[in-house]
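Residue numbers (our numbering), protein chains in the order written: chain A, 6 to 171; chain B, 856 to 1052.
Keep in mind that the hints are not guaranteed to be accurate.
Beta-carbon label-pair distances, calculated as ranges [stated by the list, open to error]: (1) A/Leu-27 - B/Met-906: 17 to 23 Å; (2) B/Pro-1007 - A/Thr-81: 25 to 31 Å; (3) B/Leu-913 - A/Ile-92: 17 to 23 Å.
Honestly, the hints are just simulated from the structure, not real lab data.
Yeah, the Cβ is synthetic: ideal placement off N, Cα and C, and Gly gets one too.
Okay, here's what each chain looks like letter by letter:
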Amino acid sequence: MTGPGAYLIYLAAIMLSLYAVLRRDGSAGLGLVRALEQSITLLPRMICALVAAGFMVNLIPTEIIGRLLGNEAGLTGILIGSLAGLIVPSGPVISFAIASAFAGEGASAPALVSFITAWSLFAAHRIFIFEIPLLGIPFLRLRMLSVVILPFVAGILALGVTKAFD
Amino acid sequence: MTEPRAGSRGWWTGLLRDAFGPTFWVFAAVAAVLAAATYTILGRDSFEIAMSGDLEILAGMLPRIVAAQIVAGLVWVLMPRDRVTRLLGTHRGRRGLMIATAAGIVTPGGPVSAFSFLAVMAGAGADGGILVAYITSWALLGMQRIVVWDVPFMGADFSALRFCVCLPLPLIAGWIARRCRYTHAAVGLANRADGST
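Chain A on its own, in the form it takes in the complex (with noise of 0.2 Å):
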């Protein structure tokens, strides 16, 4: 969410502008109009979700969520891992802060495989910055169908990896 990262989108919108008018052909009251029919369309549902989000991670128990995805917890820790990642909704430094802190109350490699994955595919802060408005609704809806059994499949495959080196 900081470092110099952030502000390419800035220059993006810049450049991509300046290109536009200089093309003199309209292009850039076009692709205005439809920025800005987007933003309205958007923003009033992305400023309840991201409120919304903020709350959700002051609900998190991190410690007992941590002991939860211990070794001996096996599948349901996969699962418990899955759904965390899901509702965590923010950028790598607080998203990798937890799962270390899950690492250390004990959690697994393979709940904690899962946490990360659920976590980088379902992000929030990613989705309404960059996927909704760039991508829209309807591909948004397909990708989470497609990638809803990841993480699952993930803690899997990784279970059977550590098991197999034991």
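Mind docking chain B on chain A? Use the hints.
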């Protein structure tokens, strides 16, 4: 400069009807329930801290969301769609999914570059499987994320385990996406936008 319909009364009412449709009220209700839960379970202080944190995040994100919308709108208008479509048309089938996965792993830069590239491919008419495989691969296996975040926080052993088990997942996701009813809806986004401009 602008299209004739933009700015007219019908244009505004249509937009606002979309903006405050049923899904808006669902999102609003979830936010209210979570706010109430924070207040009752964690107390007033936590509620106020969370609320001000929320406002801070919103203030930080809004300009970037608007910038992303501008990029999306302009990419939409400027892209030579015919040419890119022809280019993508040669990589359908299973090989296409593998190329998309490889592209996701090596895409440099953060979400800006990955999602911009995705938008370009979507606008050019790449099928849903390719799009889903690419962005799934970038999210799970992107080299930059692994080097910058995964290895330092979780250790090289764990990162290697995660990379190996995640390697087949973009192909699975792309395969599922190609079998989804929504594939055409996603690509249909392009047609809808064309109709309105």
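**Item:** Range hint 17 to 23 Å (beta carbons of A/Leu-27 and B/Met-906) holds or violated
**Value:** For B/Met-906 against A/Leu-27, whose Cβ atoms are near 44 Å apart, the range 17 to 23 Å is violated.
**Range hint 17 to 23 Å (beta carbons of B/Leu-913 and A/Ile-92) holds or violated** = Holds, since B/Leu-913 and A/Ile-92 (Cβ atoms, about 19 Å apart) stay within the stated range.
**Asked** Do the Cβ positions of B/Pro-1007 and A/Thr-81 conform to the proposed distance bound of 25 to 31 Å?
**Response** 29 Å, holds
Hint 1 from the list above is the single one not met by this structure.
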